[in-house]
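J.: Chain B: place on chain A using the hints.
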Amino acid sequence: MGYNPYSLEGKTILITGASSGIGQATSIECSKMGARLIITGRNEERLAKTLSNLEGSGHSMIVADLDDEDAVTSLINEVPILDGLSCNAGIGVGSKPVAFYKKKDLDKIFQTNTYSATLLIRGLLKKKKFNTPSSIVLTSSIEGNSVTSIGNGLYGMTKAALSAYSRTVALELAPKGIRCNVVTPGMVNTPLIAPTGDLTEEQLKVDEQRYPLGRYGNPQDIAWAIVYLLSDASCWMTGSTVKIDGGISLV
Amino acid sequence: MEELIQKLADLLEVENLDITKKFSDYDEWDSLAGLSLIALLDSDYDITMNGKEVASFDSIEAFCKEVLSRKK
Chain A
1 MGYNPYSLEG KTILITGASS GIGQATSIEC SKMGARLIIT GRNEERLAKT LSNLEGSGHS
61 MIVADLDDED AVTSLINEVP ILDGLSCNAG IGVGSKPVAF YKKKDLDKIF QTNTYSATLL
121 IRGLLKKKKF NTPSSIVLTS SIEGNSVTSI GNGLYGMTKA ALSAYSRTVA LELAPKGIRC
181 NVVTPGMVNT PLIAPTGDLT EEQLKVDEQR YPLGRYGNPQ DIAWAIVYLL SDASCWMTGS
241 TVKIDGGISL V
Chain B
1001 MEELIQKLAD LLEVENLDIT KKFSDYDEWD SLAGLSLIAL LDSDYDITMN GKEVASFDSI
1061 EAFCKEVLSR KK
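Protein chains in written order, with the numbering used here: chain A, 1 to 251; chain B, 1001 to 1072.
Hints are not guaranteed to be accurate.
Unchecked claim - Only pairs whose alpha carbons sit at most 25 angstroms apart, straight line, appear in this in silico BS3-like list of lysine-lysine:
1) K176(A) to K126(A)
2) K1052(B) to K205(A)
3) K243(A) to K205(A)
4) K1022(B) to K1007(B)
5) K1071(B) to K104(A)
6) K128(A) to K176(A)
7) K1071(B) to K1021(B)
8) K1071(B) to K1052(B)
9) K1065(B) to K1052(B)
10) K1022(B) to K1052(B)
11) K1021(B) to K1007(B)
12) K1007(B) to K102(A)
13) K1052(B) to K1007(B)
14) K1007(B) to K103(A)
15) K32(A) to K243(A)
16) K102(A) to K1071(B)
17) K1007(B) to K104(A)
18) K32(A) to K129(A)
As the list claims (entries may be wrong) - Take a look, some chain B residues computed to stay more than 12 angstroms from chain A by CB distance:
19) I1005
20) I1019
21) K1021
22) E1061
23) S1069
Unchecked claim - Only some residues are given here: those of chain B computed to face chain A with a beta carbon under 10 angstroms:
24) S1031
25) L1035
26) S1036
27) K1052
These are calculated hints, taken from the structure and not from any lab test.
Ideal Cβ placement from N, Cα and C applies to all residues, glycine included.
Isolated chain A (complex conformation) (with noise of 0.2 angstroms):
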């Protein structure tokens, strides 16, 4: 490839989440720069259009759900050693007020959007699937981090505890070569923000004006910060959060 510290040549890569959204866009950089990847989510026909999409050869699809234990075990078992880790599973959930919460909202959301991540990271480290060095990029989100939003606390709260967790992360696993980053994007196109009963087209349509750089982001704009905190050009990056939101959490 040429003098390039972006590169991902040499380097196996897990990604989850990459059925759709950021993760498919990731994956498909990934494999652009060079990497081999096992890509991971829980719909096996749009995992296998990713897969398919993916430029080079030697990657993999695991079909799993990061909230069934059994799935997850299976998983970590699975995996060869890896150079990278990029974490996009995640759900958003509608709009809610604080006064009605349920405790059943919080397991919900926490177990998919900070749970799962944080088990599939103790399970690779105790099955010792971490090369040295190595990269773990979660995506988080502006929502908790930079950003506070009417009726998304539940989203915010479980994307304020990833960012938190990552720094610890980091400063755990410093002494192992593994570095932890996170990217906090902003709106992105995915199916995560699709109009639901709550947020109609022209609200969405109405709130993208606001961003400073005129539009919501695209899946790829994420990915491509992803790609970087995975490379070698940011190994002395680390405990760090790369926002990405077009400006908006300036307004």
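T.: Here is chain B on its own, set in the frame of chain A:
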């Protein structure tokens, strides 16, 4: 109907709710009130309604009648 009207009055933090008015006639009606109302419909009446629908009623009374007709 009484119970629902009382819940709405509590939500808007007003003493007496004039059900001939619209929600938007009240100063207290803002986006947070709107979201709280939707959450209330879900938790107390098991009904799903979005913001657009809530805003479409000519009066709070019309809204209440619709909610009660859908109540399971």
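J.: All the hints need checking, so say for each whether the structure fits it.
T.: Hints, one by one, checked against the model:
Of the pairs offered as hints, the one joining K176(A) and K126(A) holds, with about 13 angstroms between alpha carbons and a cut-off of 25 angstroms not exceeded. For the hint linking K1052(B) to K205(A), the alpha-carbon distance of about 15 angstroms falls within 25 angstroms, and the restraint holds. With a C-alpha separation of about 22 angstroms, the suggested pair K243(A) and K205(A) falls inside the 25 angstroms cut-off, and the hint holds. Distance hint between K1022(B) and K1007(B) is fulfilled; the C-alpha atoms sit about 16 angstroms from each other, no more than 25 angstroms.
Distance hint between K1071(B) and K104(A) is fulfilled; the C-alpha atoms sit about 23 angstroms from each other, no more than 25 angstroms. Distance hint between K128(A) and K176(A) is fulfilled; the C-alpha atoms sit about 11 angstroms from each other, no more than 25 angstroms. Taking the CA atoms of K1071(B) and K1021(B), the gap is near 22 angstroms; set against the 25 angstroms cutoff, the hint holds. Proposed proximity of K1071(B) and K1052(B) is supported: the alpha carbons are some 19 angstroms apart, at most 25 angstroms.
Between K1065(B) and K1052(B), the direct Cα distance comes to roughly 17 angstroms. Compliance with the 25 angstroms bound is thereby established for this hinted pair. Straight-line distance between C-alpha atoms of K1022(B) and K1052(B) comes to about 14 angstroms, which keeps the hinted pair within the 25 angstroms bound. A threshold of 25 angstroms between alpha carbons decides the hint, and for K1021(B) with K1007(B) the separation of about 16 angstroms falls inside it, so the pair holds. Straight-line distance between C-alpha atoms of K1007(B) and K102(A) comes to about 19 angstroms, which keeps the hinted pair within the 25 angstroms bound.
Distance restraint check for K1052(B) and K1007(B): the Cα-Cα separation of roughly 20 angstroms lies within the 25 angstroms cut-off, and the hinted pair is therefore satisfied. Note on K1007(B) and K103(A): the hinted pairing holds, with a Cα-Cα distance of about 22 angstroms set against a maximum of 25 angstroms. Our distance criterion of 25 angstroms between C-alpha atoms is met by K32(A) and K243(A), whose separation comes to about 23 angstroms. The suggested pairing of K102(A) with K1071(B) holds, with an alpha-carbon distance near 21 angstroms, which does not exceed 25 angstroms.
Proposed proximity of K1007(B) and K104(A) is supported: the alpha carbons are some 24 angstroms apart, at most 25 angstroms. Taking the CA atoms of K32(A) and K129(A), the gap is near 24 angstroms; set against the 25 angstroms cutoff, the hint holds. In this structure I1005(B) is separated from chain A by more than 12 angstroms, as the shortest Cβ-Cβ distance comes to about 19 angstroms. Interface exclusion of I1019(B) from chain A stands, the closest Cβ pair being 23 angstroms apart, more than 12 angstroms.
With a least CB separation of 23 angstroms from chain A, K1021(B) remains clear of the 12 angstroms interface cut-off, as annotated. At the 12 angstroms boundary, the C-beta of E1061(B) stays outside the reach of chain A, the nearest C-beta of that chain being 24 angstroms off. For S1069(B), the requirement that its beta carbon stay farther than 12 angstroms from each beta carbon of chain A is met, with the minimum near 19 angstroms. Checking S1031(B) against chain A by beta carbon gives a least distance of about 6 angstroms; that is within 10 angstroms, so the hint holds.
A distance limit of 10 angstroms between C-beta atoms decides the matter here; for L1035(B) the minimum to chain A is near 5 angstroms, and the interface restraint holds. Interface restraint check for S1036(B): the shortest CB-CB distance to chain A comes to about 5 angstroms, inside 10 angstroms, so the restraint holds. Of the supplied interface hints, the one on K1052(B) holds, with its beta-carbon coming within about 6 angstroms of a beta-carbon of chain A, less than 10 angstroms.
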